[in-house]
Each structure stands twice: as C-alpha cells, then as structure tokens.
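Q: Using the hints, position chain B against chain A.
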Amino acid sequence: MIVWSDTVRKPVCEGNSMTVKVKFFASLKEQMGCDGATVEIGEVATAADVWLQASGGKALPPNVLVAVNMEYTDQNQGVKSGDEVAFFPPVTGG
Amino acid sequence: MKIAVDEAPFSPWEALAQYERDVVQPAFPGKFGAAATFIGTMRDFNEGDGVHAMTLEHYPGMTEKQLQLILDEAFNKWKLLDALLLHRVGELKPQEPIVLVAVWSAHRKDAFEACRHIMEALKSRAPFWKKEQLDGGAGRWVEKNSDGY
Numbered sequence: 001m002i003v004w005s006d007t008v009r010k011p012v013c014e015g016n017s018m019t020v021k022v023k024f025f026a027s028l029k030e031q032m033g034c035d036g037a038t039v040e041i042g043e044v045a046t047a048a049d050v051w052l053q054a055s056g057g058k059a060l061p062p063n064v065l066v067a068v069n070m071e072y073t074d075q076n077q078g079v080k081s082g083d084e085v086a087f088f089p090p091v092t093g094g
Numbered sequence: 001m002k003i004a005v006d007e008a009p010f011s012p013w014e015a016l017a018q019y020e021r022d023v024v025q026p027a028f029p030g031k032f033g034a035a036a037t038f039i040g041t042m043r044d045f046n047e048g049d050g051v052h053a054m055t056l057e058h059y060p061g062m063t064e065k066q067l068q069l070i071l072d073e074a075f076n077k078w079k080l081l082d083a084l085l086l087h088r089v090g091e092l093k094p095q096e097p098i099v100l101v102a103v104w105s106a107h108r109k110d111a112f113e114a115c116r117h118i119m120e121a122l123k124s125r126a127p128f129w130k131k132e133q134l135d136g137g138a139g140r141w142v143e144k145n146s147d148g149y
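Protein sequences appear in the order of chains A and B. The first sequence begins at 1 in the numbering used here and counts up one residue at a time. The second sequence begins at 1 in the numbering used here and counts up one residue at a time.
Quick caveat, the hints were computed from the structure, so don't treat them as lab data. Treat the hints loosely; a few may be bogus.
[Unchecked claim] Pairwise CB distance ranges (calculated):
{"hint": "1", "chain 1": "A", "residue 1": "81", "chain 2": "B", "residue 2": "11", "range": "44 to 52 Å"}
{"hint": "2", "chain 1": "B", "residue 1": "90", "chain 2": "A", "residue 2": "82", "range": "28 to 36 Å"}
{"hint": "3", "chain 1": "A", "residue 1": "62", "chain 2": "B", "residue 2": "10", "range": "33 to 41 Å"}
No residue lacks a Cβ here, since even glycine has one placed at the ideal position from N, Cα and C.
This is chain A alone, in the form it adopts within the complex (with noise of 0.2 Å):
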C-alpha cells in the first residue's frame, strides 16, 4: 500500500479533480449574478486564484472580505479541495 504524504502527492487523476465551493453575498452576489459556484483548482492554490476562477478573470475590488471555512482571512490564504471560500463586501449589521 502506498502512503502518500506531503512530499509524496497523490497524482491527480479523472475523479481526483481538487475543487473548492465558492459564495458570494449581498452587493457582491447581485454583482456577480449567483450567489456561489464550485470551481476547480490547482494543486497550490490560494483564495485570490478561487476568485479569478470564479469571476471570470475580474480584480478583486479592495474592499471585499475574504472567509475561507468560515474565518475572516486574506486573498493570499491556501486553499485545498474541500474548502469553502465566500467573497462579501463590508458587513453592515446590528
């Protein structure tokens, strides 16, 4: 059996594709016109390149918040397969 670690990766195979769910919200959803997709992603990817992928190519406006699993993070976080990433703009509750 072969263990496959971090420096050993598992080949990416048909069936093995690596993709993260992707949401958007308020202003930012209407913008994009869907409120989410699942897009494919490289083996090293971050949060900035799920956004290209997602938005067909578009500058991250600046002041959009990035959330990978559900924690504040920045455009320049890892992502793997599995992931959930959401884009929103500033957040206006309360």
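A: Relative to the frame of chain A, chain B by itself:
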C-alpha cells in the same frame, strides 16, 4: 449564553424578561448586580432618504460562529455571568427591532463595557448586510456603518 439569528420578529423586552427569569436567575441567584442592554431598531430614514423596508441578509453558519467568537472574547475580557444576543434577518419594517445584546454581571463596569464592545464588534465583524427599500422605489445596499463613538 444564548445566540439566535431568526427571521421571526421578536420583542426584545419580552425576550429579556423571559431569559432573565428562566435562565439567569436560576443559574445565578443573588449574584448579578448589573445588566446592560442594547437594542437596535429599524429607522424610516437613512442618509437623507425615506426608507420603508429593509432586507437583512446573512451568511448562515459563519454569522453564528462570529457572534460566538465575539461573546467568548467578551467573557474572557470582562467578568460576565451571562449574555443574550438576538439578531433579525429577512424582511423588516421601520420600528421593528433588529438586534438585542444583553449582558449580566456582578458590577456595572463589566456590564456596560462588555455590552458596548459586543455591539461594536458585531457591527464590524458579524456577516450581516442591509439592503434598504427607499421611498422612491429603489433598492440600496448600506455600504458602511455610522460611527458608533
């Protein structure tokens, strides 16, 4: 401690009375000397325009998680006995309550300071978004909060 995010309208006064009677008093009989509360209510005006309705959107899961983190921080920083945090989502009309923050402590300093901190942290970190329906018919996203200080 209780956190709830709900589409159903609520009465903050009834929720406060019920929570204190059913939860705080039995858990801390004779121990709390202070309760501080903040209630946020929908106005019928904003930035010079009349507003007749509002939609509050949130991020289910993350919103509750962030509210829990904010309360945990407050419990670590101040001596609190209990807290209640209720927030509306969905369709709202003017005069309807949006948010209730209530904290109980032995002394007023902890209650006042924690209540203020929780409310300001919620405004800047909890993922909620307001879209106003203006009297002219247009929809407008609220883009930033007013200064709380």
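Q: Next step is simple, just say for each hint if it's right about the structure.
A: Results for each hint:
1. One distance hint, 44 to 52 Å for the beta-carbon pair residue 81 of chain A and residue 11 of chain B, holds here, with the actual separation near 46 Å.
2. In this structure, residue 90 of chain B and residue 82 of chain A meet the distance hint of 28 to 36 Å, their C-beta atoms being roughly 30 Å apart.
3. At about 37 Å, the CB distance of residue 62 of chain A to residue 10 of chain B agrees with the hint of 33 to 41 Å.
Violated hints for the displayed structure: none, as all numbered hints are satisfied.
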